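Q: Residue strings, one per chain:
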Amino acid sequence: MGDAGRVPRDPRRAVAGSLYTLLRTVDVAVEAQGLEREFKGAIKAVAGIDLAVDAGEVYGFLGPNGAGKTTTVRMLVTLLRPTGGRARVAGFDVARQPAQVRRRIGVALQEAALDLLMTGRELIELQATLHGIPKRAVRERGAELIERVGLSDAQDRRVGTYSGGMRRRLDLAMALIHEPAVLFLDEPTTGLDPASRLTLWEEVRRLKHEGTTVFLTTQYLEEADQLADRVGIIDSGKLVVEGTPSALKAQVGSPHLDVTLTSSDGAAAARQALGAFGQLRPPDAGCHVSVAVREGSSAIAPVVRALDEAGLEIASLELIEPTLDDVFLAKTGHHLEGEDAAEQGERDPYGEEAPLVQASADGHAPR
Amino acid sequence: MSENVRIVIALVRRALNEIARVPGAAIPGVLAPTIFMIGLSAVFGRAAHLSFYHATSFRTFIVPVGFLQGASFTGAATGVNLARDIEQGWFDRLLLSPTPRITLLAGLVASAAVRALMPASFLLAVAVLWGVHWPGLLALLLAAVLVMGLAAVMAFWGVTVALRARTQQAAPLMQIAGFIAVLFTTAYAPRQGLTGWLSTVSRINPVTHVLEGVRQGFTETLSWGQTWPALVSLAGLLVLFGALAVRSMLRTGVSA
Chain A
1 MGDAGRVPRD PRRAVAGSLY TLLRTVDVAV EAQGLEREFK GAIKAVAGID LAVDAGEVYG
61 FLGPNGAGKT TTVRMLVTLL RPTGGRARVA GFDVARQPAQ VRRRIGVALQ EAALDLLMTG
121 RELIELQATL HGIPKRAVRE RGAELIERVG LSDAQDRRVG TYSGGMRRRL DLAMALIHEP
181 AVLFLDEPTT GLDPASRLTL WEEVRRLKHE GTTVFLTTQY LEEADQLADR VGIIDSGKLV
241 VEGTPSALKA QVGSPHLDVT LTSSDGAAAA RQALGAFGQL RPPDAGCHVS VAVREGSSAI
301 APVVRALDEA GLEIASLELI EPTLDDVFLA KTGHHLEGED AAEQGERDPY GEEAPLVQAS
361 ADGHAPR
Chain B
1 MSENVRIVIA LVRRALNEIA RVPGAAIPGV LAPTIFMIGL SAVFGRAAHL SFYHATSFRT
61 FIVPVGFLQG ASFTGAATGV NLARDIEQGW FDRLLLSPTP RITLLAGLVA SAAVRALMPA
121 SFLLAVAVLW GVHWPGLLAL LLAAVLVMGL AAVMAFWGVT VALRARTQQA APLMQIAGFI
181 AVLFTTAYAP RQGLTGWLST VSRINPVTHV LEGVRQGFTE TLSWGQTWPA LVSLAGLLVL
241 FGALAVRSML RTGVSA
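So the sequences go chain by chain: A and B.
Here the first sequence stands for residues 1 to 367, numbered as in our numbering.
Here the second sequence stands for residues 1 to 256, numbered as in our numbering.
For the record, the hints were derived by calculation from the structure and aren't laboratory data.
Here the structure is a predicted model, which is why all the values come from computation and not from measurement.
There could be a bad hint or two in this list.
To be verified - Short derived list, chain B residues pointing at chain A, Cβ under 7 angstroms:
| id | residue |
| --- | --- |
| 1 | I7 |
| 2 | A10 |
| 3 | R93 |
| 4 | S97 |
| 5 | R101 |
| 6 | E220 |
| 7 | G253 |
Heads up, the beta-carbon is just placed ideally off N, CA and C, and yes, glycines get one too.
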């Protein structure tokens, strides 16, 4: 076949295109295009996900149990081969360059996978060895990380004696041993007490400040809201919506003030006074009046003043802002929280075959 | 020291650490071959008077069987431990490191080979104290090589099954292979004493050569004629089961 129909390529455009691709590769830490994973029995746990996470960003991957979060993460971290689409992490293809991907990622999976018979220090040092950190640097780097996660006093104790929060922190330290460019945290605070949860959140913020890209899967709305620069919401294996938490919430409505008066006699006057601040909303019966306030909390003082000037007595006043659950409800027709389906990917963690027999509840092997 | 060798040593150290910290869990595997030797010697002790037993005593004849049983149990335990690590998520941690899959496999199998020396050493100590013929250092060295090699073969099998089943409930499948392989040899009687299908099976069973390679130092003197079939059989088993285990490892997760 000749070149008759081919348009000669401008070399300057070709160079510009290559540069763009290179810069794009550097800027985008995690990228998926049409990513799919189908398990035996035609179960599609992930049904074509497109996403891009910029370098240095905290990306919240939010969805109920069974939505496909863990399966997606397992594909992105090279534990599971995609059955469709493609994904690049830290500039490398997860299916074709898994070793390069592994060198650049840190992973803390859903259950802190730790050898309970080893001490914290031994585990950190083993992890450092697995990542090829030179012998002389292993102790130094290990000690630094153990101190960072506040486990210095417990480092020579067996991990079996650690609390859940301590195990999570050790798991995080192990994920950071090789200073990864991209950190995957799969439901890192599930099952943790509030104090441990806050400690972990602080660490995620610190990592972001240091420039680490964090891919955080969670089923907790507050966690995504607090930590994520952008949120992707997944349901039934599909990404249903993506954006900054504030932009997503703005899509489903503005904040509103719910005012309860001490008496229903003043309801009409209250509606008149509040009408100046924004659109009145239901409920508008009895002693309750509700008004949309685009300004959020800064509208509270003027509203109180206006009601006071109208001679109305307020029993309670509540600012209600849309939540990510409202976003989820608007996009999927059901609530995010309270779902309890089994994660499909967990049935077959390596995705090749179904287990021959069911997993044992006993954690110890016969020898 | 190369990075991969450091990783193999670290994985072996982890496996030995388990024994050091939970010694009770290792006791059955260490004691079983010795108990077999004592029990079988008591039951079949007088069989050694039969003409085709060229051993000074039945217990001398049976000690090498205990060595191979210990190797077989230890190898299978490596598979069971891997299944436990898969269930508990630890294996994911290994897979998430940039360590080549082959190095991870080498670490698992090397740990089995090293651990197999524990039941063998205990058995040897008890056997020698009980009057079993001292085979000499060279024969013991050969026995150690064959025992470690068979443990590696069984570890390859255990790893293959563990990666397929991903549950400790597959333990019997890991253990039965070694049990059968050692049972259908000249374990309890010399080839001249076997008849029918067992004679045929023992003749084609490569583990028979491995067993006789270990046994020669106990019942007679070392000879190249007995040594090379043992080494070749072991090498064949290592290649066959090693290939199965490598294939399973490379099919786990995403491999380059």
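Q: Which hints from the list above does the structure break, by number from lowest to highest?
A: When the structure is compared with the hints, numbers 5, 6 turn out to be violated.
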